[in-house]
Structure formats: structure tokens, C-alpha cells
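Chains A and B, in that order, give the protein sequences.
Position 392 of the first sequence, counted from 1, bears residue number 649 in this note's numbering, the numbering being contiguous throughout.
Position 326 of the second sequence, counted from 1, bears residue number 583 in this note's numbering, the numbering being contiguous throughout.
If you're looking for bench data, these hints aren't it; they were derived computationally from the structure.
Treat the hints with care, since some could be wrong.
Note: identical chains are not told apart, hence a pair may lie in one copy or across any two.
[Unchecked claim] Below, in silico cross-link-like pairs of lysine-lysine (DSSO-like), each with a Cα-Cα straight-line distance of 27 angstroms or less: (1) 378 <-> 319; (2) 280 <-> 498; (3) 284 <-> 378; (4) 498 <-> 477; (5) 311 <-> 280; (6) 640 <-> 446; (7) 574 <-> 611.
These numbers were taken from a predicted model, which means no experiment stands behind them.
Protein chains: 2
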Amino acid sequence: MLIVQKYGGTSVGSLERIEEVAKRVAKAKDAGNDVVVVVSAMSGETNKLIGYAKHFSKNPPKREMDLLLSSGERVTSSLLSIALQAKGYNSVALTGRQAGIYTDDLHTTARIDSIDSNKIKEHLDNDEIVVVAGFQGVTSSGEVSTLGRGGSDLSAVAIAGALRADLCEIYTDVDGVYTTDPRIEPKAKKLDIISYDEMLELASLGAKVLQNRSVELAKKLDVTLVTRSSFNDNEGTLITKEENIMEKPLVSGIALDKNQARVTLRGVKDEPGIAAKIFNRLAKENINVDMIIQNVGLDGVTNLGFTVPENELSDAKSVMSKLNASELIEFDPNIVKVSVVGVGMQSHSGVASKAFDTLAKENINIQMISTSEIKVSMVVDEKYGELAVRALHSAYNLDK
Amino acid sequence: MLIVQKYGGTSVGSLERIEEVAKRVAKAKDAGNDVVVVVSAMSGETNKLIGYAKHFSKNPPKREMDLLLSSGERVTSSLLSIALQAKGYNSVALTGRQAGIYTDDLHTTARIDSIDSNKIKEHLDNDEIVVVAGFQGVTSSGEVSTLGRGGSDLSAVAIAGALRADLCEIYTDVDGVYTTDPRIEPKAKKLDIISYDEMLELASLGAKVLQNRSVELAKKLDVTLVTRSSFNDNEGTLITKEENIMEKPLVSGIALDKNQARVTLRGVKDEPGIAAKIFNRLAKENINVDMIIQNVGLDGVTNLGFTVPENELSDAKSVMSKLNASELIEFDPNIVKVSVVGVGMQSHSGVASKAFDTLAKENINIQMISTSEIKVSMVVDEKYGELAVRALHSAYNLDK
Numbered sequence: 258m259l260i261v262q263k264y265g266g267t268s269v270g271s272l273e274r275i276e277e278v279a280k281r282v283a284k285a286k287d288a289g290n291d292v293v294v295v296v297s298a299m300s301g302e303t304n305k306l307i308g309y310a311k312h313f314s315k316n317p318p319k320r321e322m323d324l325l326l327s328s329g330e331r332v333t334s335s336l337l338s339i340a341l342q343a344k345g346y347n348s349v350a351l352t353g354r355q356a357g358i359y360t361d362d363l364h365t366t367a368r369i370d371s372i373d374s375n376k377i378k379e380h381l382d383n384d385e386i387v388v389v390a391g392f393q394g395v396t397s398s399g400e401v402s403t404l405g406r407g408g409s410d411l412s413a414v415a416i417a418g419a420l421r422a423d424l425c426e427i428y429t430d431v432d433g434v435y436t437t438d439p440r441i442e443p444k445a446k447k448l449d450i451i452s453y454d455e456m457l458e459l460a461s462l463g464a465k466v467l468q469n470r471s472v473e474l475a476k477k478l479d480v481t482l483v484t485r486s487s488f489n490d491n492e493g494t495l496i497t498k499e500e501n502i503m504e505k506p507l508v509s510g511i512a513l514d515k516n517q518a519r520v521t522l523r524g525v526k527d528e529p530g531i532a533a534k535i536f537n538r539l540a541k542e543n544i545n546v547d548m549i550i551q552n553v554g555l556d557g558v559t560n561l562g563f564t565v566p567e568n569e570l571s572d573a574k575s576v577m578s579k580l581n582a583s584e585l586i587e588f589d590p591n592i593v594k595v596s597v598v599g600v601g602m603q604s605h606s607g608v609a610s611k612a613f614d615t616l617a618k619e620n621i622n623i624q625m626i627s628t629s630e631i632k633v634s635m636v637v638d639e640k641y642g643e644l645a646v647r648a649l650h651s652a653y654n655l656d657k
Numbered sequence: 258m259l260i261v262q263k264y265g266g267t268s269v270g271s272l273e274r275i276e277e278v279a280k281r282v283a284k285a286k287d288a289g290n291d292v293v294v295v296v297s298a299m300s301g302e303t304n305k306l307i308g309y310a311k312h313f314s315k316n317p318p319k320r321e322m323d324l325l326l327s328s329g330e331r332v333t334s335s336l337l338s339i340a341l342q343a344k345g346y347n348s349v350a351l352t353g354r355q356a357g358i359y360t361d362d363l364h365t366t367a368r369i370d371s372i373d374s375n376k377i378k379e380h381l382d383n384d385e386i387v388v389v390a391g392f393q394g395v396t397s398s399g400e401v402s403t404l405g406r407g408g409s410d411l412s413a414v415a416i417a418g419a420l421r422a423d424l425c426e427i428y429t430d431v432d433g434v435y436t437t438d439p440r441i442e443p444k445a446k447k448l449d450i451i452s453y454d455e456m457l458e459l460a461s462l463g464a465k466v467l468q469n470r471s472v473e474l475a476k477k478l479d480v481t482l483v484t485r486s487s488f489n490d491n492e493g494t495l496i497t498k499e500e501n502i503m504e505k506p507l508v509s510g511i512a513l514d515k516n517q518a519r520v521t522l523r524g525v526k527d528e529p530g531i532a533a534k535i536f537n538r539l540a541k542e543n544i545n546v547d548m549i550i551q552n553v554g555l556d557g558v559t560n561l562g563f564t565v566p567e568n569e570l571s572d573a574k575s576v577m578s579k580l581n582a583s584e585l586i587e588f589d590p591n592i593v594k595v596s597v598v599g600v601g602m603q604s605h606s607g608v609a610s611k612a613f614d615t616l617a618k619e620n621i622n623i624q625m626i627s628t629s630e631i632k633v634s635m636v637v638d639e640k641y642g643e644l645a646v647r648a649l650h651s652a653y654n655l656d657k
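Excised from the complex, chain A in its bound form (with noise of 0.2 angstroms):
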């Protein structure tokens, strides 16, 4: 098998832990795979990094940044690939540029245009353990681009879609994704396998696991994830597209977003184009609207909501204050946004009516609803968020 594996920062956070590192990817060499791998910087390194930069700017030239960044990752891959020979393996460590990823030139957010992997190709032929530097690659030009937060996760996806890759491993220091945050349920249960768009969807939950532009990357490039800990040697969590789950749960997980804040505009005229605006103007703005409800008005006035994040909330509010609105308008930061998950749903009725029977038996007041085919969405009052968790965790049989 030709194996990517992705180790992220916890993961490489000391000498001690690139030892551990070296291990794994030696017995995974050592089972007759090509192995790459993928690495983070060391823990806490990259934001030093961001704080001596913001010692002298507040808003450092982005250029530099993407110079001084991707240093971080330029020390683990070296430092892996040193402990790999000191282990008696083949092993090349290689920078962004010399692994072949090619980016646009949106520095410190740039996305991956191309890769060239050939390179990557030769040395696996060479029978070399490949380690590359995660996070970074080069812009057309030859600049040290990196790709933002998660950016890793990204590299090891893009690689492993070049290579076309059997495996596409990513180490976290957590085992899998859970049913739901075991913090909130104590009774949540790991999961074996889920889709790519459940993946999506239970990003809220599984934030620190995966970011959901690595998920979409495995989508579209047909890469099979595992993710799982680096820890110890638990199964991980298999995330794969659809037609490869025999078995459909009906729900696979319940997940939970603090990060949200309402905004209503009561007494909106019905008409067109009311919502247009609105949006429009937020967008440019850059406030990333969630959820957006609007019901058939009465009397030709109708309400209108919608969630952005809680730390946009102030940049919302002076949007809205801006349009010179006559509607009443509520802003509630105090709310949370409750979402039970599963593909099976597409093919079961039901599911979305169980989840809010479960909350009125808990008289949880549900006071927005959105719904896809894959996913229900609930806005409630923070304080029931824990709450709607648990209720609709063992509704749906997850802690069995």
C-alpha cells in the first residue's frame, strides 16, 4: 500500500514525541508500504512565531509572514527524517517547493493550485521514507506561500490525491470522531466509519479533528481518510464517500456550535429583494451568515433570521445599523446552534420530528430550524445546548 500519514502539532510537540512519530512510521514501512509523511510544526512554535511578528506589527506584511511560518515545518520534517536514519531507514526530508506544491499567491491563505510529484515519486522509488514539510508550498512566482489554519491537514489530502494514495492518515491527539463531544456526553461512542459530507457536517463537533476544507479536498479527490491518534493504537475513524458504507446509521452524530449569535429583523416587508440587501451587505463585510430563516409573512410583513458567528456579531450589528432599517431588529448572542447528523436520514422519515419531540420533552424551546438531507439543525437557548446534546444522543441509540 502506498501510505500518507499527517502528524499534527501535538503529535510532533517534542523531541520525545518525533521519537514516538518515528516508530509508527517505521512499522508502517516496515509492513512493505511506501510511506509519506506529512508534518505539522511542533506544537506552540507557530503561534511564538505569530507573537514575535505581531511584536512589531499588528498586522504584519503577509509575504513576510508566510517566510517566517512555514520555518516551523521545515524543523519537524528535518528532524523526523533524522530520526528515521538514526533507525536504520531511507528517509528524505522535503520543503513544500521541493515536494512540488504549487499555490496561488494569497499568502498566508493560499490554496493549492497543483502538484508536481514527481519528485515524491522518485524517492518513494528510491525506497525513501518521503517526510514533507506540511503547510506550505511555492507560488508560480517562487515565493513561500502557507495555507492557513489547517493547512497541513491539506498538504497530506493533496498529496496523497496526486499520488493517488490507497490511505490518508491523519494523526491527531484524539482517537476518531465521536457521536458527539465526549465532554458534553461521557457515553459518546467513536465511530468506524462516516461520509465525507456527515464529516462536514459534524465539523462543528470535530473541529480539532479535521477542518472542513480538508474534508471537501478528500471529497473531491476521492481520498480515503483515517483519523485517528498518535497516542496510542486505537482504530481510528474511517471517512470515506457514501457508496462505500454498507451499513447506514441512521444518525451518526449530534453536534454542537457555541460559536453562533441570532440576528432577527422583525416586521420585514414581504417583498423582493428585502433579503438581497441584507446579505449582500454582510457579504461584502465578510460576516459569514449560517443559518437563514424566513416564513411566509402575514399582512405582508414577515421575520427574518439569521446566525453568524459570535465574534462577528459586532461587525453584524454596525452592518445592520448602517442600512437605515425600519424593522426591529434583535441581536442574541446567547444562543446555540444543535445539529443531529446522519446520511441515513435521506431514505428514513421521522428523524427530524424525533429530534424535536425530544426537546419538547425536555421543554427545550426551539426557536430556529433548518434542515438539509443529511442533517437538522436547531437553534436553542445556550443554556439547553449540553442539555439538547445529551436528550438527543440517547434518543437516537448512539451510546449503545
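Given the coordinates of chain A, work out where chain B should sit on it, guided by the hints.
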């Protein structure tokens, strides 16, 4: 003027120091100069990274070491460029590769093959302050290489040569080149000007200031150097070709090299090939022989003496023991080399005899003598080293 400034590890050893360096660079720019800055890693950084590598391997692979170690200078160059831009200056940070520094492929001790200065020139034409990560280059096959200890000085000198810069300023934490080590002779005076050759001879006292490789390269490329402190505004020491020095002092300085050990073979047969045999074997084992003294023999036998660096004495012993020589071999680590250096002695007699007189007056026995056009070196017992330096410093009126 086009000025290349190089700042060493202590000069950029903290964020506060980098801020100070930014001010100094800005001042040179404000004075109407074009400025290229070459920076070292923050002091301690390179040793930290070497320590990391040694955790995994006593003898880490050199290619990976270069990738590892080159990261330190990338951090400082990015930070300095960020600091300059925060002050409103146009600036760009370049890696060794981006600055067009091409080297051979001797990883960790690469030599600069050529410099493609077009990119630096483009940025200068753009009115930008160019900040280059020192110590590093790129091989013809695209691998990252480093230039060894003192490598950032080499980067600066090579860039100054390629750009035909008017001046190459080497900033450290000392004020310049002194007539002798001020810790030994508090009356030591800073020299205003010194020739390349004198600087090379004084390297053992100036080791912290400039390494021989950089002085040799400066001489070869006809780059005028100034070595000065980044911690004050004192004028430094100008290092230039002899022709540029109007008043040639008889003696410029007194050097003390404590890192020497003496090897003596007594009763060597005075016939061809003996010396060749010994020094070939020492060269093969990479032992650096410094002074070599052999006198005309008496009765067909002679004594052969030479010095080696103290830390290579045990290697030298093992080489000598394998020679199966019939001669009596003595090893003495407790010696030092005291040197009187000055271009003026080429045209003046009596410099050497004054040195011998001076030591005789102090009852210091001279074990070995070696002279060159601009230097008289004497090996004496270690315990007299500092006394000899002070006596010679006074005898040549260097404290006046």
C-alpha cells in the same frame, strides 16, 4: 552608496535587538544609501537546533541538518523585514535561494560557487531594503545548503562582491579589531584600519570578530569591510587592501592562540621523505598542522617540531603511534603561540629581534619560532602567554 550590512546572532538575539537593528538599517537608508542586510539566526537558535538533531543521532545526515539549520536565518530575516515595513520602509526578505546564492553540494560546509544578484538588484531598483537570510544557499540540484560557522559573514561578503558594494559592514557585539585581546591587556587600543593580511594573521585574537574565510573572500573580491558593534555608535575597524593604508604601522597587534599543542620528534634521521611521510598521514586524518620547525641536523639527526590544535592532539597521538617511528616523540599541550603582526615589518628590520629581546627580559623561554613577511610567531610555555602578550604590546608602543 550601496552598503551591505551584516548582523550577527547577538545583534539580533531578541525582539528588542531586532528593533534596534531596524532603526540602524533605517538610518543608513535615510542617509540616502541603498541597503542590503544579511542576518544570522537569533543567538542560541542554531545551537538549539543542533541539540535537537543530536537527540536523535550522534552524526545526523548533513542534508537534513542544512534544511534544519537554515530555518533560523529565515526567521530573523522575516522579522527584520516586518519591523522595517512597520516603520514605513519598503522591504523584502529573501532566503538564500531567493537571493541567488548558489553553492557546491558539500552540505553543512558548502562553498559559494556563484551569486545571481539580479533579484537583489531588482528589489534595490524598487527602492526596497533587501533583507537576506545569511548562512545559506542552494545547490545546483535545488537542495538547501549552509556555509558552516561564520557563514553569514561569507554571505554578506559574497553579496557585497557581486553587487560591487561600496562597503560591507559586519556588526557584532565588539567595537572592532584591537591591538590585542583587551581581557589580557586592558590598554589594548582599537585599530582604525588594518590590511586583509594582518587581519588574517590576527584571526586568533579576532576570531570572534571575523573568520578567516570571510577575510580571504573579501580580499579576493576586493570588498572593503568594516567591523563594528551594533550596540553603540563607535566607529569600527576598516579592513582593506594594504595599498589603501597610508601610514603603515610597524606592528598592528599581538595575537595569543591558546588552542595549540606541540609535538616534537627527537633524533629524526636527516634524510629526504621523513617529514612528507608524517605530514601526509596527519593530513589524511584531517589534523590541522600549524607551525612546522625543522633545523639543519647535526651528525645526521635532527629534531622536528610542529603544533596542532589542542583538541586534535589525541588524534595526532594515535597517528604518530601508528608510524612505528624509532624517534622519541614528545607531546606538550601546555604551550601557547604568541604572534606579532604588522605589514610595516616588511620594510623594517629589527621587529623580530625586539620580540626575542622582550621575552628574554621577562625570562620567557621561546620554544619555537616561525616567521612570515608580516608576522613573527613564538611558542612559549602556556603560563607565560599573557605576560608575553602584555610585554610585547608595551614594547611596540601599542598602548600609545
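The hints, checked one at a time:
Taking CA atoms no more than 27 angstroms apart as the test, residue 378 paired with residue 319 passes between copies only; the shortest distance there is 22 angstroms, against 32 angstroms inside one copy. Neither within a single protomer nor between protomers do residue 280 and residue 498 lie at most 27 angstroms apart by alpha-carbon distance, with minima of 31 angstroms and 57 angstroms respectively. When the C-alpha separation of residue 284 and residue 378 is checked against a cutoff of 27 angstroms, the pair qualifies only within one copy, where the shortest distance is 20 angstroms, while the shortest distance between copies is 50 angstroms. Proximity of residue 498 and residue 477 under a CA criterion of 27 angstroms is satisfied intra-copy only: 10 angstroms inside one chain copy versus 65 angstroms between copies.
Within a single copy, residue 311 and residue 280 get their C-alpha atoms only as close as 37 angstroms, which misses the 27 angstroms cut-off; across copies the closest is 17 angstroms, which meets it. In this assembly of identical chains, residue 640 and residue 446 lie within 27 angstroms of each other by CA distance solely inside one copy; the values are 24 angstroms within and 75 angstroms between copies. Taking identical chains as interchangeable, the C-alpha atoms of residue 574 and residue 611 are never at most 27 angstroms apart, the minima being 35 angstroms within one chain and 87 angstroms between chains.
Checked against the numbered hints listed earlier, the structure breaks hints 2, 7; every other hint is satisfied.
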